[in-house]
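Novice: Line order of the protein sequences matches chains S and B.
Positions 1 to 171 (the numbering used here) are the ones given, in order, by the first sequence.
Positions 1 to 100 (the numbering used here) are the ones given, in order, by the second sequence.
Worth double-checking, as some hints may not be accurate.
Taking beta-carbon pairs under 8 Å as the criterion, some of the chain S residues facing chain B (in silico) [claimed, not checked]: (1) Leu27; (2) Arg33; (3) Ser34; (4) Leu55; (5) Val93; (6) Leu122; (7) Met125; (8) Leu134; (9) Gly135; (10) Trp142.
Hint data in this document are derived by calculation from the structure and do not stem from the laboratory.
A virtual CB, placed ideally from N, CA and C, is assigned to each residue, including glycine.
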Amino acid sequence: MSEIQSSSKNLTRVKLTVDLVIFFAFLIAMDPRSSGIAVHEWLATAALAALIVHLLLSWDWIVQISRRFVGKVNLQTRINYILNWLLFIDGSVMMLSGFMISEAVFPSLGIKVPVNFAWRSLHDMTANLFLLLLGLHTALHWGWVVDTFKRYIFKPLGRLVSFRRRKDVTA
Amino acid sequence: MKTLGRILIILAVMSLVMGITYAAVNAGGSSSAAPQFQEGRRPPFREGQFEGGERHERGEGGGGWMFGLIKNVGVIAVLVTLIVLPKSIRRKRRRIAAAS
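Chain S on its own, in the form it takes in the complex (with noise of 0.2 Å):
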């Protein structure tokens, strides 16, 4: 296999995982009642870290459609590149709000912060947003999720129960 080959498949394999981990802390950071709100603020504030990885790794698709946006770009492409703007945008207000409201991580810090009722239902309305917004990502790079499950995860597990079933037949 060649290096480019071996790289691009460890990159892929890089993107699931960081996926995969952003998708969860989502899903628990989302639910502020389950986790307790330190868990909620400082999940969010990490989950920071893995969208700028997420991103980084996403780079090139980035900087190649924005070049091409205005000129010849598929309609699927144009909605994809629109909707991850506004996922990033809504993202970025949902952070900002939940550290203008925050009751663990700022106070922790020794940050205070002007109280602004507004913050909140700025918080509540962007995090609803983003859920709706996260699933519509998700949707568009279905193709992806499924392909990159079967070749990383079902595929290898397949092999190893296949593995350990000839294993067991000749033992």
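Here the structure of chain S is known, so what remains is to put chain B in place on it, guided by the hints.
Specialist: Structure of chain B alone, referenced to chain S:
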């Protein structure tokens, strides 16, 4: 170096969005319209829901947290189904039409 530059670009754009939002919320004058509280003390969002930074269960029993999680996964699953299913049906029809 290249990665660091990209991280800085991402953070710069994020800061720009946050800055615009911050300015917009403060310019909205909602802070002056909201009731004022002693500095550093914030009232609970809903009466009795928070205490000492921790949230109480809302009397939903042990399954309350599961409901929230399932609801969120459900919303995503519905959206994925609504978009992916018609697409795959259309693709299948096109394949059948091309084959016949």
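Novice: Does each hint fit the structure? Answer for all of them.
Specialist: Hints and how they fare:
{"no.": "1", "hint": "Leu27", "in the structure": "holds, 6 Å"}
{"no.": "2", "hint": "Arg33", "in the structure": "holds, 6 Å"}
{"no.": "3", "hint": "Ser34", "in the structure": "holds, 3 Å"}
{"no.": "4", "hint": "Leu55", "in the structure": "holds, 5 Å"}
{"no.": "5", "hint": "Val93", "in the structure": "holds, 5 Å"}
{"no.": "6", "hint": "Leu122", "in the structure": "holds, 7 Å"}
{"no.": "7", "hint": "Met125", "in the structure": "violated, 12 Å"}
{"no.": "8", "hint": "Leu134", "in the structure": "holds, 6 Å"}
{"no.": "9", "hint": "Gly135", "in the structure": "holds, 3 Å"}
{"no.": "10", "hint": "Trp142", "in the structure": "holds, 5 Å"}
Comparing the model with each numbered hint stated earlier shows that hint 7 is the single one that does not hold.
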